[in-house]
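Let chain A serve as the given structure and place chain B on it in line with the hints.
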Amino acid sequence: DTAVSQTPKYLVTQMGNDKSIKCEQNLGHDTMYWYKQDSKKFLKIMFSYNNKELIINETVPNRFSPKSPDKAHLNLHINSLELGDSAVYFCASSQATPGLGYTFGSGTRLTVV
Amino acid sequence: AQSVTQLDSHVSVSEGTPVLLRCNYSSSYSPSLFWYVQHPNKGLQLLLKYTSAATLVKGINGFEAEFKKSETSFHLTKPSAHMSDAAEYFCVVSSWEEGGGNKLTFGTGTQLKVEL
Numbered sequence: 001d002t003a004v005s006q007t008p009k010y011l012v013t014q015m016g017n018d019k020s021i022k023c024e025q026n027l028g029h030d031t032m033y034w035y036k037q038d039s040k041k042f043l044k045i046m047f048s049y050n051n052k053e054l055i056i057n058e059t060v061p062n063r064f065s066p067k068s069p070d071k072a073h074l075n076l077h078i079n080s081l082e083l084g085d086s087a088v089y090f091c092a093s094s095q096a097t098p099g100l101g102y103t104f105g106s107g108t109r110l111t112v113v
Numbered sequence: 001a002q003s004v005t006q007l008d009s010h011v012s013v014s015e016g017t018p019v020l021l022r023c024n025y026s027s028s029y030s031p032s033l034f035w036y037v038q039h040p041n042k043g044l045q046l047l048l049k050y051t052s053a054a055t056l057v058k059g060i061n062g063f064e065a066e067f068k069k070s071e072t073s074f075h076l077t078k079p080s081a082h083m084s085d086a087a088e089y090f091c092v093v094s095s096w097e098e099g100g101g102n103k104l105t106f107g108t109g110t111q112l113k114v115e116l
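Sequences listed follow chains A and B, in order. Quick note on my numbering: the first sequence kicks off at 1 and runs consecutively. Quick note on my numbering: the second sequence kicks off at 1 and runs consecutively.
One or more of the hints may lead you astray.
[Stated by the list, open to error] Calculated pairs, DSS-like style, for lysine-lysine (alpha carbon to alpha carbon, straight line, at most 30 Å):
no. : chain 1 : residue 1 : chain 2 : residue 2
1   : A       : K52       : B       : K113
2   : A       : K44       : B       : K103
3   : B       : K68       : B       : K113
4   : A       : K67       : A       : K36
5   : B       : K42       : A       : K36
6   : B       : K49       : A       : K40
7   : A       : K41       : B       : K113
8   : B       : K49       : A       : K9
9   : A       : K40       : B       : K103
10  : B       : K69       : B       : K103
11  : A       : K9        : B       : K69
12  : A       : K44       : B       : K113
13  : A       : K52       : A       : K41
14  : B       : K58       : A       : K40
15  : A       : K41       : A       : K22
16  : A       : K9        : B       : K103
17  : A       : K71       : B       : K113
18  : A       : K71       : B       : K69
19  : B       : K113      : A       : K9
20  : B       : K69       : A       : K41
21  : B       : K103      : A       : K22
22  : A       : K36       : B       : K103
23  : A       : K41       : B       : K49
24  : B       : K49       : B       : K113
25  : A       : K67       : B       : K113
26  : B       : K42       : A       : K19
27  : B       : K58       : B       : K113
28  : B       : K69       : B       : K49
29  : B       : K42       : A       : K67
30  : A       : K19       : B       : K49
31  : A       : K36       : B       : K58
32  : B       : K49       : A       : K71
33  : A       : K19       : B       : K68
Just so you know, these hints were derived from the structure itself, not from any lab.
One chain only, chain A, in its complex shape:
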């Protein structure tokens, strides 16, 4: 199936731990994104990579570090997890063409306890 797939689907961890979320797309898209959806369902962009190059970096704590080994993968590593990091994280991809929407992954629900 052509899609954006992210793993894991659920992640429960303790404060202070370091965790990673992986994302892969097989759509041949040039650009990949990470979005955070908070408890009120508000979605906000965190990062965007175009062909492995960082192009959007919103005001996100340094504890969050995206890594793109190739244009089909964009992973999110989070250091020293805090309670406020609990959210659903969505990966997405699109072609690098103005006006296009995204294809989203199914999300990773991160719970920090």
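Same frame as chain A, now just chain B:
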């Protein structure tokens, strides 16, 4: 900066009656606008998009939206609601970022409830 405002946080309709979800946008140029739907504990699915072609846009599952520049609106409608339409709906505007990315800015969402 571009933005969208969803005028209703909750909308409740009876099955078989029309649906109207309201969205106003703010943009310094002709925007690209989208509606996405999120079913409970699911990902985001594209319903429809407007990119300066026809002002009346048809999407999946019988939804459509009309772009009205004079009113800066992009309201989502459906003639007859179905129980399966119950979900969170997001109005979204796209802006092009230098370096090659489409930045999507989401509205705060409208939760649609469909009652028997």
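Comparing the hints with the structure gives:
1. K52(A) <-> K113(B): violated, 41 Å
2. K44(A) <-> K103(B): With Cα atoms ~10 Å apart, K44(A) and K103(B) stay inside 30 Å; holds.
3. K68(B) <-> K113(B): holds, 26 Å
4. K67(A) <-> K36(A): holds, 16 Å
5. K42(B) <-> K36(A): holds, 14 Å
6. K49(B) <-> K40(A): holds, 24 Å
7. K41(A) <-> K113(B): holds, 16 Å
8. K49(B) <-> K9(A): Within the cut-off at roughly 28 Å; holds.
9. K40(A) <-> K103(B): holds, 21 Å
10. K69(B) <-> K103(B): Satisfied, since the Cα-Cα distance of roughly 21 Å is no more than 30 Å.
11. K9(A) <-> K69(B): violated, 40 Å
12. K44(A) <-> K113(B): Measuring from Cα to Cα gives roughly 24 Å; hence the hint holds.
13. K52(A) <-> K41(A): Holds, because 28 Å separates the two Cα atoms, which is no more than 30 Å.
14. K58(B) <-> K40(A): Satisfied, since the Cα-Cα distance of roughly 29 Å is no more than 30 Å.
15. K41(A) <-> K22(A): Roughly 22 Å separates the two Cα atoms, so the pair holds.
16. K9(A) <-> K103(B): holds, 24 Å
17. K71(A) <-> K113(B): Cα-Cα ~39 Å, so violated.
18. K71(A) <-> K69(B): violated, 37 Å
19. K113(B) <-> K9(A): holds, 26 Å
20. K69(B) <-> K41(A): holds, 28 Å
21. K103(B) <-> K22(A): Given that 30 Å is the threshold and the Cα spacing comes to 21 Å, the pair holds.
22. K36(A) <-> K103(B): holds, 14 Å
23. K41(A) <-> K49(B): The given pair, whose Cα atoms are some 21 Å apart, holds under the 30 Å limit.
24. K49(B) <-> K113(B): Status holds; Cα separation ~23 Å.
25. K67(A) <-> K113(B): The hint is violated at about 39 Å.
26. K42(B) <-> K19(A): The hint holds at about 22 Å.
27. K58(B) <-> K113(B): Holds, because 22 Å separates the two Cα atoms, which is no more than 30 Å.
28. K69(B) <-> K49(B): holds, 15 Å
29. K42(B) <-> K67(A): Between K42(B) and K67(A) the Cα gap is close to 25 Å, so the pair holds against 30 Å.
30. K19(A) <-> K49(B): violated, 35 Å
31. K36(A) <-> K58(B): holds, 28 Å
32. K49(B) <-> K71(A): holds, 25 Å
33. K19(A) <-> K68(B): violated, 45 Å
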